Amino acid sequence: MNTLKKITKNQLFIPLAALLILAMFNLIMDPGFFKITLGQNNMGNYVLSGYLITILDSGSELAILAIGMTLVTAASGGQDISVGAVIAIGGSAMLRVLCGNDPKPAQLHAPIIVAFLVSCIVCMLFGAFNGTLVAYFKIQPMVATLIMYTAGRSIAAWINNNTLPVISPTASPSFAYFGGFIPGIPIPTPVFIAIICMIIIALVLKFTNLGLYTQSVGINESSSKLNGLNPQAIKLLSFVILGLCVAVAALIKVSRIQTINYSVIAKDIEMDAILAVALGGNALSGGKFNMPASIIGAYVIQFLTTTLYKFKVQSDALPAYKAVVVILLVVLSAPVVREYLSGLKKKIKAGGKEVA
Amino acid sequence: MKKRVLATLLSAVMLVSLAACGSNGGSNDTGSAGGSTGGSTSGSTTTTTTTTTDSGSSSGALIKVGIINNDPNESGYRTANDADLKAMFTEANGYEASFAYSLKNDEQITAAQKFIQDGVDYLLLSAADTAGWDSVLKDAQDAGISVILFDRTIDADESLYEASIVSDMAKEGETAVNWLAGQGLSEYNVIHIQGVMGSAAQQGRTGALDDKVKAEASWNLVTQQTAEWNAEKAQQIVQSVIDSGESFNVIYAENDDMAKGAVAALDSAGISHGVGKDVIVMGFDCNKWALEELLNKNWNYDGQCNPFQASYIDEIIKTLESGGTISQKTIIMDEKGFDAATITQADVDQYGI
Amino acid sequence: MKEKSVLEMRGIQKSFPGVRALQGVDFTLCEGEIHALMGENGAGKSTLIKVLTGVYTKDEGQIFLKGKDEVNIHSPQDAQRLGISTVYQEITLCPNLSVAENMYIGRTEGALQNWKKMNADADKILQSLDIPAKASQQLASCSIAVQQMVAIARAVDMECKVLILDEPTSSLDDNEVAKLFKLMRDLKAKGVGIIFVTHFLDQVYEVCDKITVLRDGKLVGEYEIADLPRVKLVSKMLGKEMDDLSDIKSEAKAYEEKDASEYVFEAKNLQSNAGIKPFDFYIKKGEVNGFTGLLGSGRSECVRAIFGADTVIGGEVKVDGKSVKITKPIQAMKNGIAYLPEDRKLDGIVGDLSVRENIILALQVLKGFFKPFTKAEANKFAEEYIKLLGIKTASADTPIKSLSGGNQQKCILARWLLTKPEYLILDEPTRGIDVGTKVDIQKLVLKLASEGMSITFISSETDEMLRTCSRLIVMRDRKVVGELKGDELTQSMIMSTIAGGESEK
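Chains as they are written, first to last, in the working numbering: chain A, 98 to 453; chain B, 240 to 592; chain C, 2 to 506.
Source of the hints: derived by calculation from the structure; they are not laboratory data.
These numbers were taken from a predicted model, which means no experiment stands behind them.
Any given hint could turn out to be false.
[Claimed, not checked] No farther apart than 27 Å at their CA atoms in a straight line, the calculated lysine-lysine pairs in the BS3-like style are these:
hint : chain 1 : residue 1 : chain 2 : residue 2
1    : A       : 443       : C       : 219
2    : A       : 322       : C       : 319
3    : C       : 381       : C       : 444
4    : B       : 516       : A       : 407
5    : C       : 346       : A       : 322
6    : A       : 322       : C       : 269
7    : A       : 303       : C       : 381
8    : A       : 201       : B       : 325
9    : C       : 376       : A       : 322
10   : A       : 201       : B       : 410
11   : A       : 322       : C       : 326
12   : B       : 568       : B       : 377
13   : B       : 410       : B       : 536
[Said to hold, decoys possible] Here chain B is said to cover these stretches of chain A; the calculated rule only asks that three of the stretch's residues, wherever they fall, bring their Cβ under 8 Å from a Cβ of chain B:
hint : stretch
14   : 134-142
15   : 257-267
16   : 351-359
17   : 397-410
Yeah, the Cβ is synthetic: ideal placement off N, Cα and C, and Gly gets one too.
Model the full assembly from the supplied sequences, consistent with the hints where possible.
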């Protein structure tokens, strides 16, 4: 009984349980859901395919964003709703560096790594902009990031003079690797990129005080200040880290289709990232967080999306299903419901005893 | 407590006056902003003027046009459309043009009211939504302003506008479906990727295919999903069909971006596509890069959605200015469908956007 | 039910995960009685109050009210409807609403509200209670003490039969306390039963009729005030006979003149943006001194300026004779200064973090961002100080917010002791905590001083300061007005210095 209680109280319980329910549902409806096959793609490479691979592949960007969003949520007690727009900016900046002024370059104008680093710097600057508004001007995070949410995609379009650059395979065969496959490796590259990001954040959390500081600032800013922390700097830092995550996600997104559409790229992804944080059982009002739970939350969302695609649910109805999940989560985590449930459990236990 | 009530009252008053500003006080914005790169993706209307009004005799001869369009970043189509309009309505061609962009109907209506206040000669309109335009167009008529609709129609009395230059989306769909039927496959298993539901382009292009599937026993829809013009979503939709193991031989994507996303999914699954291959790929809008895919025989078909309405509009204005009349209210533009088997480099250069 | 009782609680049980907060507690309150509820922190006073007011649901037991027999109280609204009103230690009003709105919030029938009448009524009550606030004033613009009184006014106006005052006096000065007592006596005369929870023994003996003592979640007993002298009360609360209070006095060291070379910390014309006049200050090695003065005289602001907690706008600071710049807490910490803030909840604890994380926080910040302690190291520190200070907690992993006030305070103290400071500032370390812990802290202060630590000690209880400090800096109206040492350290001397005239050095 005690171990059961321990398990249900663990923060990983909700996202893992959600994952399990989705998996069970698919197993019952169609065991073929879990089939993974090895086939050849059009470049002649052997690659793995199957729903599970698709989930891991497509969920990568979201998992990466969930890392940054978790830190921002913890430190600032609010969320950044501009990540989708900043992905457009980062992707646009990257393509601008790669293509120069020519929307269809015959060859790249700069190495991909340079373009990626430029994109990182750009995204971190926009993160710093949001962070400054939140930390130093004390604007509510959602309101502060509303600015970039509104203006970001226009800025992205402006970076490339309203043109839509396309990188053809002849210009650079390797550009598609980041969102597709590297020849000879049968697993999609975004999966590796996501794993690298997770390892990095795990190391950062282990070998620095990022976790303690962000949580401390998120829980009690005034007390943190009196303990020698600089709450503003820490909030700013969390937004800059999110900016870096955004740049990585932008690389994958742009590489997937080797072009960009400013108004639809990564549309509404901020809502999914926030939902991932919430699904992980983290308080959206900030404070304590559990990073693995957020990341699992991201994959739960992708699992749900893929499941709905599989059952041919109209994809414009997806937000409605996500809304149901959010409502369930919020209701289940409400103190009133928790108290009622624990009371119910006691009653059942008492009843069981009487019978015995 | 009094303070509180007063504050509420005050804010109410401010709201009302703000609304009033929106409807008639905006004249000082227009004309002051320079440059032409603006435009917002979501939300606010932006108004820019391409021609700086010279304090000279020339300004008297210019025809003032107010152009209300959708956001140029919406798609390659819109970008080309906007660029076409900007190239046509210049001072050199005898126009003084002001532009307003929004994807929201109410913001567009506000912009229209502003243009009416400014006393433009012509109001060119590509409406975000079909409804709600009656009263503002009536105002324009009362002010002696001629209204010309382009790209999109509205639900208003025909007498309220001079002409409407539109693409016939249903015809685009029919052209494409007829072409597909002409391929003579024994069975058509179609993955149908739709645009944003309810948009004119989606309705027109979906309608033709739906009718055909209903009529012919050998035509099946493997899946019919909206990817909302988004390439990644299209990729996921096609990926999902591939993962399920269902067989298909046609991808009917309602724009080029989504066709590209679909092809990305095919490529990673090792499914061949293009002329003489396993899967027929169809797109719309004729982006230059898409036509190049046709030229390389990777795709099979691309339907044109003609964004170049400026010359039509120019012609109408010239006719009206010279005292002529327009014989036909609705003008449907010529639109082609390109087949990978017959497309030439010249087509790509001429029709690619 | 007894003839005159308005409230009876029988066999109340309440458990939290890992803790049995109340075990079979009985409590009886009679009409027109002021009844003190006493016990150390964690003895179960607050839990009992919260059960009575419906904040917690009791696990077992019965509650009887006069004329109603057994009642079930599920929510604060239930309690209010039954005529049980509460004023909590922490102000639970809405600072951004007006005074009148705060007094009437949640009490109106229906959706309509006659604002004019509400304001007039509120003003009448405020006037009758002599509370210096206007009905239309925003609550946040009142001082903490006035806010507290508004909370009482709200409770009083609710026609209550049972009024619970949970530490209402901890942020009031003597004048305000006297007003409150007058008010309590008035209410008593009207037949209201009042439950009074406080740590101030003087106040208990001044105003109460009966005392109920709790210890470790159990009832110790109910006593008539006349039958229970102070020493006995303290020993009942602590569960042992003790003379510690008198012991301490003899331990206070006499102030010895030393020359400036021994100054651990020295400030000249120090000034912050918190509205205090520039002041000079110094402290020597092993010295315990203190700031005294009325509530709001600038005591806390002075030490906050020393620590860099407020924005420092002028003055020179020397540590160990060397000029340093202290404008941020981290700079003070690096110079060996530690500061236990006045408001434990707002400035001290990091509620959701564990006891361990709270204890290591300051040292960890000093150590640096890239050098986190391993879990083993952190545990070692935490365990060491939990043992050293006798912190009562289920484990080092328990969130600090679930500890009682006194134990939270000990954690914060542990946090700063862990940094091994040369100079420790304690601002109201004994506020709102039980007698036992108070004595512990005072003893600790003297022990640390004897080991060479310099300590500034601030308390609103002058006898605590007299017991521990060898030098007192007296403040009035945000200005240092005097300094007392040696023979001058008497209650009456402090009073007269605070009260008026420039002090004679």
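How the hints compare with the structure:
1. Of the pairs offered as hints, the one joining residue 443 (chain A) and residue 219 (chain C) holds, with about 25 Å between alpha carbons and a cut-off of 27 Å not exceeded.
2. A threshold of 27 Å between alpha carbons decides the hint, and for residue 322 (chain A) with residue 319 (chain C) the separation of about 22 Å falls inside it, so the pair holds.
3. Distance hint between residue 381 (chain C) and residue 444 (chain C) is fulfilled; the C-alpha atoms sit about 24 Å from each other, no more than 27 Å.
4. Simply put, residue 516 (chain B) and residue 407 (chain A) have alpha-carbon atoms about 26 Å apart, close enough for the 27 Å limit, and the pair holds.
5. Proximity of residue 346 (chain C) to residue 322 (chain A) is assessed by CA-CA distance (about 14 Å); at most 27 Å being required, the pair is judged to hold.
6. Taking the CA atoms of residue 322 (chain A) and residue 269 (chain C), the gap is near 24 Å; set against the 27 Å cutoff, the hint holds.
7. Our distance criterion of 27 Å between C-alpha atoms is met by residue 303 (chain A) and residue 381 (chain C), whose separation comes to about 18 Å.
8. Distance check on the hinted pair: residue 201 (chain A) and residue 325 (chain B) sit about 23 Å apart at the alpha-carbon level, within 27 Å; holds.
9. Among the hinted pairs, residue 376 (chain C) with residue 322 (chain A) is consistent with the structure: their alpha-carbon atoms are about 24 Å apart, no more than 27 Å.
10. Restraint check for residue 201 (chain A) and residue 410 (chain B): the C-alpha separation of about 31 Å exceeds 27 Å, so the hint is violated.
11. Proximity of residue 322 (chain A) to residue 326 (chain C) is assessed by CA-CA distance (about 17 Å); at most 27 Å being required, the pair is judged to hold.
12. Only pairs whose Cα atoms come within 27 Å are accepted, and residue 568 (chain B) paired with residue 377 (chain B) is accepted, the gap being roughly 17 Å.
13. Only pairs whose Cα atoms come within 27 Å are accepted, and residue 410 (chain B) paired with residue 536 (chain B) is accepted, the gap being roughly 25 Å.
14. Under the rule that three or more residues need a Cβ within less than 8 Å of chain B, the assignment of the stretch 134-142 of chain A holds, with 5 such residues.
15. Counting residues of the stretch 257-267 of chain A whose CB lies closer than 8 Å to any CB of chain B gives 6, which reaches the minimum of 3, so the coverage claim holds.
16. Given as covered by chain B, the stretch 351-359 of chain A passes the check, having 5 residues with a CB less than 8 Å from a CB of that chain where 3 are the minimum.
17. Using a Cβ-Cβ cut-off of 8 Å, 5 residues of the stretch 397-410 of chain A lie near chain B, which meets the minimum of three, so the contact claim holds.
Violation of the numbered hints given earlier is confined to hint 10; every other hint is satisfied by the structure.
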